[in-house]
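Peer 1: Since the structure of chain A is provided, determine the placement of chains B, C and D on it from the hints.
Each chain, letter by letter, is given below.
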Amino acid sequence: MSIKVRYFASLKELLGRSEDELEFVEVMSVIEVWKQLNIGIELPDNILAAINMEYVSLDSLVNKDDEVAFFPPVTGG
Amino acid sequence: MSIKVRYFASLKELLGRSEDELEFVEVMSVIEVWKQLNIGIELPDNILAAINMEYVSLDSLVNKDDEVAFFPPVTGG
Amino acid sequence: MQVKILETAFDPLQEIQRYQSSAGSMKGKYGATSIFIGTMRDFNDGDNIKGMTVEHYSGMTEVQLGKIITEAMQKWQVLDVLVVHRVGDLYPDDPIVLVAVWSTHRGDAFDVSRYIMEALKSKVPFWKKEILQSEAARWVDKNTDGYKRHE
Amino acid sequence: MQVKILETAFDPLQEIQRYQSSAGSMKGKYGATSIFIGTMRDFNDGDNIKGMTVEHYSGMTEVQLGKIITEAMQKWQVLDVLVVHRVGDLYPDDPIVLVAVWSTHRGDAFDVSRYIMEALKSKVPFWKKEILQSEAARWVDKNTDGYKRHE
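Protein chains in written order, with the numbering used here: chain A, 1 to 77; chain B, 1 to 77; chain C, 1 to 151; chain D, 1 to 151.
Okay, chain A solo, but in the shape it has when bound (with noise of 0.2 Å):
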């Protein structure tokens, strides 16, 4: 039982990493997920979150086998 957390772009580049797991252990919101895996950095004001790929705020909640991303503004087209 794990949230699978997932960076795109030039997030991803700022953290260098694409992804995280999570163990699940209670329910908490998208910004808490950040906090726990990105302990002192702050998310960039900028930055989108989706949970199960559709888009959430960040004080959305977060439940066990979701996948939780975290991204910049999209530029595609």
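You may find that some hints are simply not true.
[To be verified] Listed below are the simulated SDA-like cross-link pairs for lysine to any residue, each with C-alpha atoms no more than 25 Å apart in a straight line: (1) 12/B / 42/B; (2) 29/D / 48/C; (3) 29/C / 29/D; (4) 142/D / 27/A; (5) 75/C / 118/D; (6) 142/D / 104/D; (7) 4/B / 48/C.
Think of the hints as simulated: they come from the structure by calculation, not from any bench.
Peer 2: The following block gives chains B, C and D in isolation, referenced to the frame of chain A:
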């Protein structure tokens, strides 16, 4: 020295001809050109007029060697 | 800029390909291409349509299309424009009109392709006559605003 | 409806041709096709660009594109939609994105192609990294509104 007058689409079919020549005697308006050539036939309400391939109002003046055209609303595209 | 009035069937995608290849100076410069293709349907106003004849005022057609494209190129930032329109006898699924616009940024390409189509529909002297399944023929009396009519 | 994410170069006109031929049920029914093609430029923000890498969040890309297309098909009268987007390494003049929309009337086709492009640019998880002539690389920080920026 004459004026060439052209009719298009449903108006051409209504009149049974696609063009007229009118001898140029003096400057006159577009609507007078119509009246001289189509005695007793009122110009249908929605008909548009052009002089030398530019849209004009019915009171615009026609000069010698001008090409005048009458046609219904356009339906291309 | 190019305007073509064609009396025989054309392939819009081939026209775009041909024009884009010939306009080599645009290469690497255009980020956006907006294309509109109008195709003959087999129905209109609740009737089945088996054919169509497009008449035009040769000469005025080119003058008016030229004005419309020039106006668009003055108002927006556009690199190039291609307009192709069929005249003569058409059948369902035949392309009627192609408008293709190349620009650096997408906003201009979208605006201009739509502007040209709306202006073409209201100002360029083409007229459509529909041949119904019953062989009856009728002139299309006016162009609509481009959305589904409440029939 | 079809969404394709491609890791190798594609020809937008061939994709349209292929899709239109396979969607035989549309024949005679669509009067309007609106197409947008986004192409890689060789300049951006005042710099010459020699290459680009497009990264995406595989899975979320398809989920978000599917939602956008479904929303558009609920809001407008549309017959079919094709969206193709490149990922991986691109070079100037390479197509990046294709949006093609088929509808009965032109208003819907114009509205939907633009709606999908704007939504794609703001919601679908693609990211572009530009390689400058100097070999320096930089992430594009955000998409613009689609008009020329005052640089």
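Peer 1: Hints first: check each against the structure and report whether it holds.
Peer 2: Results of checking the hints against the structure:
{"no.": "1", "hint": "12/B / 42/B", "in the structure": "14 Å, holds"}
{"no.": "2", "hint": "29/D / 48/C", "in the structure": "11 Å, holds"}
{"no.": "3", "hint": "29/C / 29/D", "in the structure": "36 Å, violated"}
{"no.": "4", "hint": "142/D / 27/A", "in the structure": "32 Å, violated"}
{"no.": "5", "hint": "75/C / 118/D", "in the structure": "22 Å, holds"}
{"no.": "6", "hint": "142/D / 104/D", "in the structure": "35 Å, violated"}
{"no.": "7", "hint": "4/B / 48/C", "in the structure": "39 Å, violated"}
Hints 3, 4, 6 and 7, counting from the list given before, are not met by this structure.
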